[in-house]
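Enquirer: Spelled out from the first residue to the last, the chains are:
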Amino acid sequence: MKRKNIMSPNENDEIDFIIRTNFIEIGEKIEIRDSLKDDIDCRILEEKKERAKMKHISMKKVIIGVVAATLLIGTVAIAGSGLKAIVGHAPAEPQYTDYADKDKVEAELGEKVEAVEKFENGAEFEGISTGEETAYNEAGEAVEKKKSLMMKYKHGDDTLDFSSTKLAEGDTEESVWEAQKGIDQTFEYKGVKLMYIQNRYICVKPDYVMTEQDLIDEENGDLSVGVDSIGGVDKQAYLMSWVLDGKQSSLFAFDISMTPEEIFEMAKEIIDIQLSQAEE
Amino acid sequence: MLEEAELVDALKGGEKEAFDKLYQQYNNILFRMAYLVSGNLVDAEDIVQETFVKCYLHIGDLRNSEGFRSWIFQILYRSAYYQIKKGTREIPKEEVAICQDGNEQNSSLDRVLETETQKQVKDAVQSLDFNHRAVVVLHYYNDMTTKEIAKTLACTEGTVKSRLHYARKKLKETIVKQEEGGAAYEKEKYHVS
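Residue numbers (the numbering used here), protein chains in the order written: chain A, 76 to 355; chain B, -12 to 180.
None of these hints come from the bench; they were simulated from the model.
In this text, all values refer to a predicted model and were calculated from it rather than measured experimentally.
Check each hint, because a few of them may be wrong.
Claimed, not checked - Lysine to aspartate or glutamate pairs mimicking EDC-like chemistry, simulated, CA-CA at most 20 Å apart: (1) A/K104 with B/D130; (2) B/K106 with A/E100; (3) B/K156 with A/E181; (4) B/K106 with A/E336; (5) A/K229 with A/E336.
To be verified - Non-contacting residues of chain B with respect to chain A, defined by C-beta distances greater than 12 Å in every case (computed): (6) K41; (7) S52; (8) T143.
Just so it is clear, CB atoms sit at the ideal spot from N, CA and C, and this is done for glycine as well.
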C-alpha cells in the first residue's frame, strides 16, 4: 500500500502542525462511553464507605507499629491506619554510642532528654538517635511530622528501646488511651498511668494481601503491620507506654524474656527523671 | 450557568451535582488526553476513572478553586504514569480487540481506526517515554504554554523546554523513518521475522 507522504526531512517546521492537527483529529474520533460515569460513581461510593470505616482507626492505634518499625528497620510505612501511611525514619544503628553525646540529640530535638544511663536491673545504654515519623494522607501529602528520641539499651541478651515523642496537636493523654487497642495490662506509678501491650508485629512487602485473620487481629490490636520493600519480619512485640507532660514515652522490645513487671520497673526509673525535670 | 470555580466550591461543599457537571465538562478532554498518552482505550478509561475518583475524594485539598483545570490534569498524569507503569496494558487493545463483535467499547475502537498519517503520528508519540509523551500531549493537544506544563507536571520550565525539544526531534526522526522505511519500518516495529 502506498503510504501518504506526510513530511520530508526538509520540512522540519511542519512537525508542530502535523502533530497538532493529527492529535485533534484523533481526539475527535473518540468519545468516552456513557456507562463509565456509573462505574466512577460506584467506585466513589465504595471508597467513601471504606474511608468511613477507616476513620475510626487513628494514628495513635498504630504507634506500636511505628515504634517497632523505626527501631527495627529504619524506614517503614505502617498499613492499616486511616491515613495512607505513617513513615518512620530512624538510623539502623544509633547515631551516638557515647552517653555524653546526648546533648547533641538534645540540640537536634530542641529539648532536654530525660534519660537513664544504666537501669537498676543492669540494662545499659547502648546508643541514642533522633527519629522522625511522618503521616501521609491519601493524596500522599505529609499531614503530620514528629521528631522522636530513640535510645537503645542492652539487658543480657535482650535489647530494649526507649522512645519519646511529643503528642500530636489536639491529642491528650485521654485520647491516646482511648485510641489504643489491645492493652494487655495497666500499671500506675506516682499518678502516671502506663499501658502494657504485647502483640505480633509483622513487616511485609507492599504487595502483601492481609488475610481475614490479619484484619481481625489488627482491628483488635493484636497485630501491627509495617510495610517495606524487604518484608519477612514476624516477631512478638512488647511495649510499655505512658503519657507525661505532653509526651508519649515507650519502652519497646522484640522477642525478649523480660516480664511486664521488669519492664515496668525500668519505666519507673525513667518516670522519676521525667517528674523531677518537670518540677525544675 | 455556574462558573467552573463555583462548581468546584460546590463540590467542596459536598454537592454531587457539581461533580456531575464538572464530569460533563471534562470527561472527553481527559479521555482523549489519556488516550494520546497511553495509546489505548482500555488504559485511557482506567486513567480517567482513577482521575475522577481522586478528584471527588480529594477536592478538599485544592486550595484555589480557580486552579481546578491544572489540578485535574495533574491527577490525570499521575494516574496515567501509574497505569502505564503497571505494564499490564502495553499492547494496544484496539489492535487485539478490533476483530471482536461490536459492543459499546468496540464501536469506539472501530472509530479510532486512524488514517495512515494519524497512525504514524500516534506510533511516533508512543515511541517516546512517558515524560516526553506527557509534555507532547499537553503542548500540542492542550495548547499549554511551557509555564503551564511545568506547573501541571511539577517540574521546571527548563525541563519542559528540554523535553519538548528532545521529543520534537525524536518525533521528526521517527516519522521520517516511517516515511522512508514503509514496510521495513512496520516489520521492525512489530518484530516480524
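Enquirer: Taking the hints in turn, state whether each one holds.
Expert: Status of the hints after comparison with the structure:
1. A/K104 with B/D130: holds, 19 Å
2. B/K106 with A/E100: Given that 20 Å is the threshold and the Cα spacing comes to 11 Å, the pair holds.
3. B/K156 with A/E181: violated, 56 Å
4. B/K106 with A/E336: Violated, at about 74 Å.
5. A/K229 with A/E336: Within the cut-off at roughly 17 Å; holds.
6. K41: violated, 8 Å
7. S52: holds, 17 Å
8. T143: B/T143 is indeed farther than 12 Å from all Cβ atoms of chain A, at 21 Å.
Violated hints, listed in ascending order, are 3, 4 and 6; each of the other numbered hints is respected by the structure.
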